[in-house]
Amino acid sequence: MSRIRPLDPAHHGALRFDPGIVASTPRFVQIGLSEIVLAAADMPLCLAKDAHTGRFNLIALLGLVEPQNLFCVDGRFHATYCPRALQLTGFRLHPDGVAGLAIDEEDPALGASGQLLFENGRATPLTATIADALRRLIADLDAARDLIADYAARHLIRPLRLTLRRSDQHEHVIDGLYTIDQDALSGLSDADVVILHRADRLAPATLLSASLTQIERLCQLDAARHQQDRFHATF
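Going by our numbering, the residue at position 149 of the sequence shown is 149; the numbering climbs one at a time, nothing skipped.
Hints were generated in silico from the structure; no laboratory data involved.
Check each hint, because a few of them may be wrong.
Said to hold, decoys possible - Distance windows between CB atoms, simulated: (1) R217 <-> D96: 39 to 45 angstroms; (2) P67 <-> D96: 30 to 36 angstroms; (3) E216 <-> N120: 49 to 55 angstroms; (4) A199 <-> A48: 19 to 25 angstroms; (5) A48 <-> P108: 19 to 25 angstroms; (6) D168 <-> P108: 33 to 39 angstroms; (7) A10 <-> A199: 47 to 53 angstroms; (8) D190 <-> P67: 43 to 49 angstroms; (9) G187 <-> V37: 23 to 29 angstroms; (10) D132 <-> T80: 22 to 28 angstroms; (11) D190 <-> V73: 43 to 49 angstroms; (12) T80 <-> A112: 26 to 32 angstroms; (13) Q169 <-> E216: 15 to 21 angstroms.
The beta carbon of each residue, even a glycine, is placed where N, CA and C say it ideally should be.
With the sequences and hints as input, model every part of the structure.
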């Protein structure tokens, strides 16, 4: 359970931040527009609806059946790219905190290892860097929502029914995910294709679809983690 508190030297003077330490439980993490090309090299990228707004969020899938981050080994993230939201889960923007920050005191990245947030009772430059990174991340997440909203308006999104099956025919279905409808994308008019291309919104759709091949990597990681037969995925 998280414990959010405005950042201040009285309570957090000895606290350090280690961005290499990540939570082991999230099965997915939200990513921003600029992260698509980076994250697609490691993990499948999908869409999921926000439970409160009904809008689509762009997510990177980190696990399969269990609430487990399969890229997390011994508390650290092992992949070419680590999504920024996963690195910054311990921080929030808060007007009452030093550098405009609050922290989740239960986050594993905040503790005795890493870089100091305070030195001699004063905030280190790291705190301002983190606050700036959070603001840029929020803007990037909003840009991703705008992109996906454009796809939705053009009817380019379809449900993604991910079925996992072991050799013993044990089956598990993951619902609630969405992806790009390639047939709808191919059926766009020439005018719409040009509009999307000039807005740099055509390539991301292709990358999102191509990234689904990384589901195979998750199946391999899952089998190695649990030492059992590998899932075979269809979607």
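Status of the hints after comparison with the structure:
no., hint, verdict
1, R217 <-> D96: 39 to 45 angstroms, "42 angstroms, holds"
2, P67 <-> D96: 30 to 36 angstroms, "32 angstroms, holds"
3, E216 <-> N120: 49 to 55 angstroms, "51 angstroms, holds"
4, A199 <-> A48: 19 to 25 angstroms, "23 angstroms, holds"
5, A48 <-> P108: 19 to 25 angstroms, "24 angstroms, holds"
6, D168 <-> P108: 33 to 39 angstroms, "35 angstroms, holds"
7, A10 <-> A199: 47 to 53 angstroms, "48 angstroms, holds"
8, D190 <-> P67: 43 to 49 angstroms, "44 angstroms, holds"
9, G187 <-> V37: 23 to 29 angstroms, "25 angstroms, holds"
10, D132 <-> T80: 22 to 28 angstroms, "24 angstroms, holds"
11, D190 <-> V73: 43 to 49 angstroms, "48 angstroms, holds"
12, T80 <-> A112: 26 to 32 angstroms, "28 angstroms, holds"
13, Q169 <-> E216: 15 to 21 angstroms, "19 angstroms, holds"
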